[in-house]
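Model the placement of chain R on the given structure of chain L, informed by the hints.
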Amino acid sequence: MPRQSAVDLAEKVRVQAERSGAQEAEVYVEASTTTEVRIRQGQIELLNQAAMQGIGLRLFRDRRMGFLYTTDLRDTVTNELVNRTLALTNQATPRDENKIPEFLTMSQANLEIYDQAVADLRAEDLVRLARAAEDSAFAQDKRIQTTRDVRCGASTVEINFSNTFIGRQTFKASVVWLAATPIATQGAQKREATYVDRKRFLADLARPEQVGQIAVERALARLGAASVPSARVPVVFASEAAGGFLGGLFQAFSGLNVVEQRSFLAGKLGQQIASPLVTIVDDGTMRRGLGTRYFDGEGVQTHRTVVVDRGVLRQYLHTNASARRMNVPPTGNGIRSYDQLPAIGPTNFYVDNGSSTHKLVEEVPNGLYVTGLAGFGMDIVSGEYSQQVDGQWIEKGKLTKPVEGVTVAGRLDEMLLGINGVGRDLEFRSNVASPALRFQSLTVGGSA
Amino acid sequence: MPPERSMSRRDFLRKGALITGALAAGLPEAVSFLHPRIAESAIMGIGQELRDVLNEETVNRILQEALARGGDAADLFAEQRFRTSIVLDSGKIDSVTYGYPRGAGVRVVRRNQTGYAFSDEVSYASLLDTARVASGVVETQSRTNPIDVTRRNIAQPFTLLNPEPLLVEASKLDLLMRMDAAARAADSRIVSVRIEYLDEARDILIGTSEGIYVIDRQYFTSVSCFPAAQAGGKRASGLGTLGGRVDAEYFTRVSPEGAAKAASLQAVRLLDAGPAPAGPMPVVIAPGWGGVLIHESLGHALEGDGIRRGTSILSGMQGMRVASPLVRVVDDARWPNGRGSYGVDDEGTPGQRTVAVEGGVLQSYLLDKQNGWLLTQRSTGNGRRMSYRNWPIPRMTNTYIDTGTSDPQSLLSGITKGFYAAELGGGSVETTSGNFNFAVREGYAIENGKVTRPVRGAVLVGNSLETMQRIEGIGTDLVVELTRGTCGKDGQLVPVGVGQPTVRFSSIVVGGSSI
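The listed protein sequences correspond, in order, to chains L and R. In this text, residue positions in the first sequence follow the working numbering: the first is 1, and each later residue adds one. In this text, residue positions in the second sequence follow the working numbering: the first is 1001, and each later residue adds one.
A few of these clues could be false.
Said to hold, decoys possible - PhoX-like cross-link-like pairs, simulated, lysine-lysine; straight-line CA separation at most 25 Å:
#1 L:K401 to L:K142
#2 L:K359 to L:K401
#3 R:K1450 to R:K1417
#4 R:K1092 to L:K99
#5 L:K268 to R:K1450
#6 L:K12 to L:K172
#7 R:K1489 to L:K199
#8 L:K142 to L:K199
#9 L:K172 to L:K199
It should be emphasised that the hints constitute simulated quantities derived from the structure, not laboratory data.
The shape of chain L in the complex, shown without the other chains (with noise of 0.2 Å):
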């Protein structure tokens, strides 16, 4: 945790700003402890031990903003920075956006958002827990000669906040993780699957046993997949799959993206932009959540905003200067580190569960269930989808053979607005979340 000193001195050093000129000043102190060991065929491969602390300082003058980091803490290196960064702070452009939020109402509730217990986990219990799970890989399935690795790890930092209008804030933050890559062969083919279990409490990761066995699951059910050739068919992405898309989307809800006419999304606002069967909720306030936190980056209450409301577009996300520019409040959305301006982030982004059981795979006669995605292929200005994926050959309602080597694609808001199945399957492993969906037709692009 941060050294008391560097607090002291942030504060110091974001007064010192004040009186040299800036009109408002906001100073950001992150200081995080980390841990992680990799283990393969039982034996530890890396053992990394990290604490590190560093500031931001933002300054404003006359709505000209300039920002500055570092994580040398040495006196006479945060006074000459904060003395040019002012001086270069002249040459930007005023912007009226350029403000910083006179405000902060903490939420009073306990979030849950760190746990003791992930603190005091020393590399011994963590390489314990990783070669837990290793050993339940190899125990499932004789295919499973190697693993890529086992990683197991524990994170916390503590945030220090203060500006010209707000005292000092500060919270503390864990986070435990558990992934598992081992690698399936058979003959000459290799097929690896990572699963990964990622948590604010102890209590709440997974078992080692469980994250080694999905993760073997997963490897052996690639073996033997093959190209399928090219079809319209519907196409159902598994939970993981659809947070993997979700996530790509986030940015189109960006205020900033939008008001700069770089999101498909902008000028819908009100509109039905996907299925009734979709709610889209960004929650920075949901206890226990991966990207739960008391404030944001630029000291913004986080919020519960629901961002899309049975397919109709509610809300864009927002940092203070995107609100600004659109003359709403600002949503919490202000995410960075102490080296990074504030930009519009997801806080625990995710598409709600279906209210109704839908039988996603079992109703289709022919297609494709997606279980992994690969590269980049969302193009969120133009609103094109292609993306390189695998998973398994749907027919008659069942799940019948491996497939990779092929691509989904189709536009955005067609795809949106032709989700005919959500899934209940909602599970929080990362902060972006998605039960699975069901997209009625897509472009498979495979063999001839």
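Relative to chain L, chain R alone:
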């Protein structure tokens, strides 16, 4: 080699105070808008601030501590970066940033085991602690030989006369404004322009238990222009990039306005693009940034970690056919001004030119020290890290398919229905299966041997070994892209170069929406 220390710290502080005092009196901009820490280091000498704390003697003692509990090797990596970044959006300078990250990491290696720890504070005491923490990976007690590091010279791959970060801030702002104006003037359908500028000087100091002690400064500049076009309810974006490991004169040799205009015209062309086709077909990829293909298809699979673990499709394939006989693949850390170029890698090994594939046969892997040792081979100078907070892993530098013998135009002939990739986007690969993909930003249909109508972006997918066998023609028009390319692996981002001449494939699966 950096100049010896020319001034004591106290003298510097006095001089620093003079400069600050003179600022108010209105010194020319050239002095007033330099990155503040660059100014200090210009007075003190490259890497001198790090060397003040980490001279040969203190490095010896820190490495001794790192190996006190045993281990085969240890190294110390200290770094400080001077970064200036500027963002222009909607015609205004949105933000200006000075970054000054600084710290050092210690690594202890025992066979395939790595212990790593770092400190954001560069002091002898904190790095002794860091060394002790890093040594925690080693479970045995053993004696180590005394360590004695000696300063080595670095053979720089090229010389920068007037490195970019010394360009004055005012001219950077002017550069962005000029590019913005040019991008907007290119076409009335341009509705938005964002430009991101970054320059950096990175000082590194490396000491290793083998006795190496090096200090280097690496310069880096990047400008990206993102225009968006809108018409008739359609939107499209363009991309223009400038930079590399270049000097200040670079911006007078290239045309920033030209690059911005080209990016806008690309966005406008894509407004009219129809849907891309789906399925396997002959594909021709344009030179330069098209090298994303070789980076994904073979490059990552050549990296030593996957080879050593036996998890890469290219494990055990040295001396074997991995591509069409037309193919030579080179990874070159010494390519002039390349994004991935350096005189020394992040383990202290000189950067080199490695012929990885010759005549379609795998000649050499891309190795860092640890994986090199474990494979009983030598490092090829490919040990890189994102920062002092990361341990080195084998990475590409500037990777390209070397020049071929075909007239580029002739590579289109005989294709009745195919796909021309004029510009790629990003890509990815899974090295255990060899399945890889790369996105196309700007594509065209090939019809009866001619490039015809524009088609919207699509990903192309394939399997490394199959796809590389399907190369049936390589042009004479090699281009190595210097201005874009950032590779992510294991959470570490590093700048890389990629390149190729025009290359023709008999068949690749195109992932469009039109069947």
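Against the structure, the hints:
no. : hint               : in the structure
1   : L:K401 to L:K142   : holds (21 Å)
2   : L:K359 to L:K401   : holds (19 Å)
3   : R:K1450 to R:K1417 : holds (9 Å)
4   : R:K1092 to L:K99   : holds (16 Å)
5   : L:K268 to R:K1450  : violated (40 Å)
6   : L:K12 to L:K172    : holds (22 Å)
7   : R:K1489 to L:K199  : holds (23 Å)
8   : L:K142 to L:K199   : violated (30 Å)
9   : L:K172 to L:K199   : holds (15 Å)
When each numbered hint is compared with the structure, violations occur for hints 5, 8.
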